[in-house]
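Participant: Sequence lines, in order, name chains L and E. Heads up: the first sequence begins at 1 in my numbering, then just goes up one per residue. Heads up: the second sequence begins at 1 in my numbering, then just goes up one per residue.
Quick caveat, the hints were computed from the structure, so don't treat them as lab data. On a predicted model such as this, the values are computed, not experimentally measured, just so you know. Each residue gets a CB set at the ideal place from its N, CA and C atoms; glycine is no exception.
Derived pair list, reagent style SDA-like, types lysine to any residue, alpha-carbon separation capped at 25 Å: (1) K121/L <-> S101/L; (2) K121/L <-> F7/E; (3) K121/L <-> G10/E; (4) K177/L <-> L189/L; (5) K121/L <-> S2/E.
Stretch by stretch, here's where chain E covers chain L in the computed footprint (C-beta under 8 Å, at least three residues): (6) 52-65; (7) 78-88; (8) 108-114.
Which residues of chain E face chain L? A few of them, derived with a C-beta cut under 10 Å, are: (9) D8; (10) G16; (11) H17; (12) R18; (13) G315; (14) K318; (15) A322; (16) D326; (17) R396; (18) L403.
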Amino acid sequence: MAAEIIRLVDVTKVYGSGDATVRAVDGVSLRVQEGEFVAVMGPSGSGKSTLMHILGCLDVPTSGEYLFAGEDVARMNERELASIRNRRIGFVFQQFHLLSSMSAWRNVELPLLYRAARDRKQMALNALAQVGLSARVQHRPNQLSGGQQQRVAIARALVTTPTMILADEPTGNLDSKSSREVLDILTGLNKSGHTIVLITHDPNVASVAARVVEMADGHIQDRVAA
Amino acid sequence: MSLLRTFDTGMRGLLGHRLRSILTTLGILFGVAAVICTVGIGTASADSVNSRIAALGTNLLTVSPGSSTSTFGVRGGSGSANTLTMEDVAGLEDKADVPDVAAVAPVVQGTATLVSSSSNWSTTVQGSTSGWLTANARTLSEGAFFTQKQVTEHAQVVVLGQTTAAELGATVGSQVSISGAPFEVIGLLTSSGSTGFTNNDDLAVVPLTTAQDQITGGSPDSVQRILLSATSSTTIGSAYLEADQLLLQTHHITNSASADFNITSASTLASTAASVTTTLTILLASVAAISLLVGGIGVMNIMLVSVTERTQEIGLRKALGATPRDLLRQFLIEAATLSFVGGVLGVGAALLAGFLVPRLANIAVTITATPVIIAVAVAAGVGLIFGVYPAARAARLAPIAALRSE
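Using the sequences plus the hints, can you model the full thing?
Facilitator: Okay, here's the thing in structure tokens:
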């Protein structure tokens, strides 16, 4: 039986206070098993970004329970959260967020700097090979196309062999051909055993996932794709 | 994250943003160099002004007969009642009692007509000893001053001021007669300008004994005044006290208020010197403070801008697992390196300027340790504080807020 990666129970995130209170995530419960490919889909303002922050341990819920691979994340302090993010989660962002001053492999190496790791360069090169960029390791981000930059970002997410890859609108800044490439890579990674959670507003993008969680007004509606 | 790896990360951060690193370093460099150079030029000017004032004789003390009280100013007689004797002079020449007095010169003075082969000229004639030159802080442009031996021998020799020599058409070796007696000109004083209404270049100096014989008359044992020069302008106070003490003792006076002599310094000069030095010091301090402020603000701006610019990077690093401590260390190392390199280059630039400026322009630069230390400390301190403080604040931001910042 596959291990449970994510277990959200009645999670609520409230911003602001008094009349300006916003319940961005309101009583959400969600379970994700190891090896799943889940898409969280919803229009902007549906609370999917806030949910992504909580899932990615970038933020803690106001109330509710969040177990990440058995660890109680909801009550962790900043250092413990940083450690969870480093060891267990690989992020892929819409804006890539590569450091422009560094070559591709230095960018991929970045998360390894914050943990004990030997052969960091070799690990970075392996990750770049996995996304088909072995020929571009010395290139700076501005010497790469958008699709290539996002692949570097995926390699950076992969390099730590995370428990889960969390992709936030990974195709939001890409043309359709590059989007296809990126989604193919994610699908491939899922096939080879990686757990992937994909956040998107686009039903076409969500359709690559085996399971789509629709989100609206802070609530979710879970359905398994046909 | 290990320290070595943090160092590596910091260095790569610097190399990755070459322009920013160079600008920050330049900011610190110019800040430091500007402070050191302006203070250096100021110090050199102050030294030069002080040495010129010292050359005018601020070390000079004059002992004259008479008395003074603190409330009523000068009172008592002088001139006719000469209370100063050669015994006093001998006492003052004894180094053991007055260690801060460098030279002693008793003076008798009168007015006489000097006659040369071509003209005649009426001027002040001073009779003194070989210490006159030092006690007045004067030098000779030509010839020699009379010796102690010539004083003892009542020699018929004279040293002339530039104006007097010019009026008489006399040079070293010529003969002039003073009050009818023949004198040989053995030296000419270097010009020293005027003090108030006194032309320091219009006078004749002859041996004390000769003057007493032929010009001023009076007892060979009494003198009109005694000139003293302190060993330096800083010891003038102690020289004053030593001389005062000694004369009170030799005159058997217990109450200094009833002293029969009066010691004055070249007071206008001394107070002028003091106020000039004070003004220069204030000027220097303000120039240095302004340079430091300008340099500091420059460094601060670059640091603040660069940290703001890097908030996204901070957010990303946090998302990837950097702790606030990791980030703080990275920025600390970056800022410390820039400050250190900038500081060292700044001192180097200042030393280079200190070497070149006096050779290219006629401006003296005296580089001392204090401004170097203060300038480097302030520039490095400002670099560190404004490099680290905003970074520390950004490191505490939620990673997602930092990532989203533009």
